[in-house]
Amino acid sequence: MCAVTSDATATTTATTTTASDRAEVLKIVDAFFGAFVSGPGCGERMDGLRALLLPQAVVVRTCGLEPAVMGVEDFIAPREALLTGGTLEHFREWPVEGRVEVFGDIAHWFGSYAKAGTQDGEPFTGRGMKTIQLVRTAGGWRISAAAWDDERDGVELPPV
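Per the working numbering: the sequence shown = residues 2 to 161.
Hints were generated in silico from the structure; no laboratory data involved. Given the structure is predicted, the values throughout are model-derived calculations rather than measurements. Don't take every hint at face value.
[As the list claims (entries may be wrong)] Pairs of lysine-lysine residues, derived as DSSO-like cross-links and limited to a Cα-Cα distance of at most 30 Å, are as follows:
#, residue 1, residue 2
1, 28, 131
2, 28, 116
3, 116, 131
[Stated by the list, open to error] Pair by pair, the computed Cβ-Cβ distance ranges are:
#, residue 1, residue 2, range
4, 143, 123, 29 to 39 Å
5, 136, 160, 15 to 25 Å
6, 95, 23, 15 to 25 Å
Glycine included, every Cβ here is placed at the ideal spot set by N, Cα and C.
Using the sequences and the accompanying hints, generate a full structural model.
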């Protein structure tokens with residue numbers, strides 16, 4: 002509850018959802034995916050990603066394994082090393098289809114994504130689903146949590 006009136010009925014102090022809230026959330030989602038591109042400018046993209054995340058944000062990878070729960074640097078550092086290490090080339094991730102829900106000062110994006118690149122000289126592609134939770138702060142919308150699961154035997158997205 003954000004506030005309680007004297008007669009114990011709940012009221013909210015959150016601002017009304019607007020089209021600009023949805024647009025800002027989508028802009029952040031696009032920037033999140035846009036950070037994962039190999040090649041020049043990776044350091045700047047990772048710094049941009051850090052700015053999108055709350056310092057205490059949690060990121061979880063499932064992918065049929067025991068969930069890996071990461072803080073911001075535990076998530077970013079190995080990805081930055083992979084994207085700049087030379088074994089992963091022409092890599093990028095992008096959102097395919099998703100939906101945004103906003104209520105007051107919380108928001109959520111849930112959708113499918115795709116990725117493609119060349120690792121150790123071998124081209125690859127992949128798809129999966131991501132969930133990104135956001136909160137409104139004094140500095141604007143920030144990611145508070147994200148989780149993803151990729152396709153694998155028995156867990157597949159419908160064909161596009």
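Hints, one by one, checked against the model:
1. 28 - 131: With Cα atoms ~16 Å apart, residue 28 and residue 131 stay inside 30 Å; holds.
2. 28 - 116: Answer holds: residue 28 to residue 116 is near 19 Å, not above 30 Å.
3. 116 - 131: Between residue 116 and residue 131 the Cα gap is close to 12 Å, so the pair holds against 30 Å.
4. 143 - 123: 29 to 39 Å: holds (36 Å)
5. 136 - 160: 15 to 25 Å: With a Cβ separation near 35 Å, residue 136 and residue 160 fall outside 15 to 25 Å, so the hint is violated.
6. 95 - 23: 15 to 25 Å: holds (19 Å)
Comparing the model with each earlier hint shows a violation of hint 5 alone; every other hint is respected.
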